[in-house]
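Chain order of the listed sequences is Y and A.
Using my numbering, read the first sequence as starting at 449 and increasing by one per residue.
Using my numbering, read the second sequence as starting at 2 and increasing by one per residue.
Treat the hints as calculated values from the structure; they're not laboratory data.
We put the beta carbon where it would ideally sit given N, CA and C, even for glycine.
Treat the hints loosely; a few may be bogus.
To be verified - Which chain Y residues stay away from chain A? Per the calculated CB distances, all over 12 Å, these:
id, residue
1, Val467
2, Gln485
3, Leu518
4, Leu532
Stated by the list, open to error - Here are the simulated lysine to aspartate or glutamate pairs, EDC-like style, with alpha carbons at most 20 Å apart:
id, chain 1, residue 1, chain 2, residue 2
5, Y, Lys519, Y, Asp505
6, A, Lys4, A, Glu32
7, A, Lys4, Y, Glu492
8, Y, Lys463, Y, Glu531
9, A, Lys53, Y, Glu552
10, Y, Lys519, Y, Asp472
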Amino acid sequence: EAEVAQSPRYKITEKSQAVAFWCDPISGHATLYWYRQILGQGPELLVQFQDESVVDDSQLPKDRFSAERLKGVDSTLKIQPAELGDSAMYLCASSLVGERGFYEQYFGPGTRLTVT
Amino acid sequence: DAKTTQPTSMDCAEGRAANLPCNHSTISGNEYVYWYRQIHSQGPQYIIHGLKNNETNEMASLIITEDRKSSTLILPHATLRDTAVYYCIVRSGGTSYGKLTFGQGTILTVHP
Numbered sequence: 449e450a451e452v453a454q455s456p457r458y459k460i461t462e463k464s465q466a467v468a469f470w471c472d473p474i475s476g477h478a479t480l481y482w483y484r485q486i487l488g489q490g491p492e493l494l495v496q497f498q499d500e501s502v503v504d505d506s507q508l509p510k511d512r513f514s515a516e517r518l519k520g521v522d523s524t525l526k527i528q529p530a531e532l533g534d535s536a537m538y539l540c541a542s543s544l545v546g547e548r549g550f551y552e553q554y555f556g557p558g559t560r561l562t563v564t
Numbered sequence: 002d003a004k005t006t007q008p009t010s011m012d013c014a015e016g017r018a019a020n021l022p023c024n025h026s027t028i029s030g031n032e033y034v035y036w037y038r039q040i041h042s043q044g045p046q047y048i049i050h051g052l053k054n055n056e057t058n059e060m061a062s063l064i065i066t067e068d069r070k071s072s073t074l075i076l077p078h079a080t081l082r083d084t085a086v087y088y089c090i091v092r093s094g095g096t097s098y099g100k101l102t103f104g105q106g107t108i109l110t111v112h113p
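Kindly produce the complete structure, drawing on both the sequences and the hints.
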């Protein structure tokens, strides 16, 4: 069964350092999402891509976070500089796209970030 | 999207049915009810969704009240592997567009 791949699975970094996460969605999935999940809370959307275009980044802290999906396939989420409050699980999800019908979001295993 | 209210936690004995309630009293006519679950240290997993009719798949059943203000997710024969956080989400339409807005969810613990 196809899966969403993420790396690394765990990352420890010092505050003020740069950190990057990678996501490879399920083949053929045009929509890609990055969510952040703080311990004890539900995931919160950071950014959504449709192919290579950003369609929703309203919750992305743009002063320090950036995301790209250059060829409309895999994606990178970057934080620079990292802050203590960025410690969280970063989840990537993908789905098919269509105006009619439901397409479930498939989630990857996530990257657990700890900022010290 | 309409807000949902779920109990913080529930317990269930292995082999018994687990019934997880969700209130969504402000749901509008074109909003669907979705259920996802998240097993510890994994990403969320889709379970089921519905508009107004009851739905069943290989994982669970979804019962939506006639006024659509609440719903119940039923796991007919809970196993230890069903221990997870269960999220009830209301979202417009049946399309893949748009984010999933997760709440706190219900922590379901299945015990032997």
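Item to check | Non-conforming hints, listed in increasing numerical order | outcome: 2
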